[in-house]
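2 protein chains.
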Amino acid sequence: MKLVLHSYWRSSASHRVRIGLGLKQLPYDYVAINILRGEQHADAYRAKNPMAQVPTLEITEDDGTHFALTQSLAILEYLDERWPDPPLLPREPLLRARARALAEVINSGIQPLQNLSTTKQVVKLGGKDSEWVAPFIANGLAAYAKLAAETAGTFSVGDAPTIADCCLIPQLASARRFGVDYKHLELLVAIEERCLALPAFAKAAPDQQPDAVKS
Amino acid sequence: MKLVLHSYWRSSASHRVRIGLGLKQLPYDYVAINILRGEQHADAYRAKNPMAQVPTLEITEDDGTHFALTQSLAILEYLDERWPDPPLLPREPLLRARARALAEVINSGIQPLQNLSTTKQVVKLGGKDSEWVAPFIANGLAAYAKLAAETAGTFSVGDAPTIADCCLIPQLASARRFGVDYKHLELLVAIEERCLALPAFAKAAPDQQPDAVKS
Chain A
264 MKLVLHSYWR
274 SSASHRVRIG
284 LGLKQLPYDY
294 VAINILRGEQ
304 HADAYRAKNP
314 MAQVPTLEIT
324 EDDGTHFALT
334 QSLAILEYLD
344 ERWPDPPLLP
354 REPLLRARAR
364 ALAEVINSGI
374 QPLQNLSTTK
384 QVVKLGGKDS
394 EWVAPFIANG
404 LAAYAKLAAE
414 TAGTFSVGDA
424 PTIADCCLIP
434 QLASARRFGV
444 DYKHLELLVA
454 IEERCLALPA
464 FAKAAPDQQP
474 DAVKS
Chain B
264 MKLVLHSYWR
274 SSASHRVRIG
284 LGLKQLPYDY
294 VAINILRGEQ
304 HADAYRAKNP
314 MAQVPTLEIT
324 EDDGTHFALT
334 QSLAILEYLD
344 ERWPDPPLLP
354 REPLLRARAR
364 ALAEVINSGI
374 QPLQNLSTTK
384 QVVKLGGKDS
394 EWVAPFIANG
404 LAAYAKLAAE
414 TAGTFSVGDA
424 PTIADCCLIP
434 QLASARRFGV
444 DYKHLELLVA
454 IEERCLALPA
464 FAKAAPDQQP
474 DAVKS
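Chains A and B are the protein sequences, given in the same order. The first sequence begins at 264 in this note's numbering and counts up one residue at a time. The second sequence begins at 264 in this note's numbering and counts up one residue at a time.
Since the hints were made in silico from the structure, they are not lab data. Because the structure is a prediction, the values reported are computed rather than measured. It is possible that part of the hints are untrue.
[Claimed, not checked] Footprint (simulated), chain A over chain B, 3 or more residues, beta carbon under 8 Å:
{"hint": "1", "segment": "320–334"}
{"hint": "2", "segment": "339–345"}
{"hint": "3", "segment": "351–360"}
{"hint": "4", "segment": "371–380"}
{"hint": "5", "segment": "383–395"}
[Said to hold, decoys possible] Computed list of lysine to aspartate or glutamate pairs in EDC-like fashion (alpha-carbon distance at most 16 Å, straight line):
{"hint": "6", "chain 1": "A", "residue 1": "287", "chain 2": "A", "residue 2": "344"}
{"hint": "7", "chain 1": "A", "residue 1": "311", "chain 2": "B", "residue 2": "413"}
{"hint": "8", "chain 1": "B", "residue 1": "387", "chain 2": "A", "residue 2": "394"}
{"hint": "9", "chain 1": "B", "residue 1": "383", "chain 2": "B", "residue 2": "394"}
{"hint": "10", "chain 1": "A", "residue 1": "383", "chain 2": "B", "residue 2": "394"}
{"hint": "11", "chain 1": "A", "residue 1": "387", "chain 2": "B", "residue 2": "392"}
{"hint": "12", "chain 1": "B", "residue 1": "387", "chain 2": "A", "residue 2": "392"}
{"hint": "13", "chain 1": "A", "residue 1": "409", "chain 2": "B", "residue 2": "306"}
{"hint": "14", "chain 1": "B", "residue 1": "409", "chain 2": "A", "residue 2": "306"}
{"hint": "15", "chain 1": "B", "residue 1": "311", "chain 2": "A", "residue 2": "413"}
{"hint": "16", "chain 1": "B", "residue 1": "383", "chain 2": "A", "residue 2": "394"}
Ideal placement from N, C-alpha and C gives every residue a C-beta, glycine not left out.
Produce the entire structure from the sequences given, and follow the hints as far as they go.
Rendered as structure tokens:
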């Protein structure tokens, strides 16, 4: 079995899947898709990912079967069903729902509004991307912190990293990039510190990727 | 056990959960949250849903335990784990990933960009909501149709409704509302017709809700 991840270093959705693959200790080949240069719109890539987004995870089985998975949360759920250990979701149904809700606060509540394809349209309307994005990030992270206060142990839900943390850490990286301060959300700062102490999170960081551009 | 759904008739995320509850044949009380009047920002509602969004599903167990679930896809996954029959996800892992990816194409790929909280900001920048929203809906539905062409039987993935159809039907209703034509996406038109023939989908439609405003 062989895994190929199509990723962009700064893409928070790619970052989530890199964390998930790391937690599952699954080795993978990295294919950089430069979304600033529009490589996600190339026909060969769109054939794998009709939304023209990163990430895409290609899997080639030992018998030669080959398929491409899209949408970061769907990919993480697939990884968790196929390689259940360590789990990305708690066992208890209510806590599973909480972990998924936290993931969605970021996945649907924040990230689509900071996406390059969105901010390009904002700029066309005469807006400034960081001004557009900031309130969505601030409100979303505040909601995340309130919800996580009910479930957090060492991590967002209990004492092991979950799909929620796979989304949180990339979103905090984006918050820093867009200049959104979250230091007052002490729970999130503490969770981030604990996550980044784990190799799976450290190695998945944007600046650790082969296509990272050093500033 | 008692279920209370906080919903707005035109909210596509609320609509998804209404379909899911209908497919599972779970009776529920309907509490209307008028998002045009800002009722989602009331303190009592935000205590249940810190994102100040609809839907919220409150569950009171027979022993009095009470909790609130947020984020439509997390709610649908919870319903599916707790009341597995009929399933909202296929059995086979790859098809589960496909159904979830289709759901996310809409949930994170389209809906956040047509959300009232988003279009309000667009209008502030001098944009027009329908012009802003149209390309996101058109591109997203085209991608959905391409992906679904690989998995569809009678419905989006195989021959039973899944979480993907729970997202598709509300999104098609929103497309009509924003004047986005999708008649050329024949697969989606056919799936919509088959879904709307089922009571769970028919009863979940916006104009069938107690808070619907007749035009």
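Consistency of the hints with the structure:
Restraint check on the segment 320–334 of chain B versus chain A: 4 residues with Cβ-Cβ distances below 8 Å, three needed, restraint holds. Check on the segment 339–345 of chain B: 4 of its residues sit with their Cβ under 8 Å from a Cβ of chain A, so the three-residue criterion for coverage holds. Interface restraint, the segment 351–360 of chain B with chain A: holds (4 residues with C-beta to C-beta distance below 8 Å; minimum three). Counting residues of the segment 371–380 of chain B whose beta carbon lies closer than 8 Å to any beta carbon of chain A gives 5, which reaches the threshold of three, so the coverage claim holds.
With 6 residues bearing a CB less than 8 Å from a CB of chain A, the segment 383–395 of chain B meets the requirement of three and the coverage assertion stands. Straight-line distance between C-alpha atoms of residue 287(A) and residue 344(A) comes to about 11 Å, which keeps the hinted pair within the 16 Å bound. Between residue 311(A) and residue 413(B) the alpha-carbon distance is near 12 Å, which keeps this suggested pair within the 16 Å criterion. Pair hint residue 387(B) plus residue 394(A) holds up; C-alpha atoms about 12 Å apart against a cutoff of 16 Å.
For the given pair, residue 383(B) sits about 13 Å from residue 394(B) by alpha-carbon distance, which is consistent with the 16 Å threshold. For the hint pairing residue 383(A) with residue 394(B), the CA-to-CA distance comes to about 15 Å; that is within 16 Å, so the pair holds. Proximity of residue 387(A) to residue 392(B) is assessed by CA-CA distance (about 14 Å); at most 16 Å being required, the pair is judged to hold. Annotation: proposed proximity of residue 387(B) to residue 392(A) holds, straight-line Cα distance about 14 Å (limit 16 Å).
Between the alpha carbons of residue 409(A) and residue 306(B) the distance comes to roughly 13 Å, so the proposed pair stays at or under 16 Å and holds. For the suggested pair residue 409(B) and residue 306(A), the alpha carbons sit about 13 Å apart, so the restraint of at most 16 Å is met. Pair hint residue 311(B) plus residue 413(A) holds up; C-alpha atoms about 12 Å apart against a cutoff of 16 Å. Restraint check for residue 383(B) and residue 394(A): the C-alpha separation of about 15 Å stays at or below 16 Å, so the hint holds.
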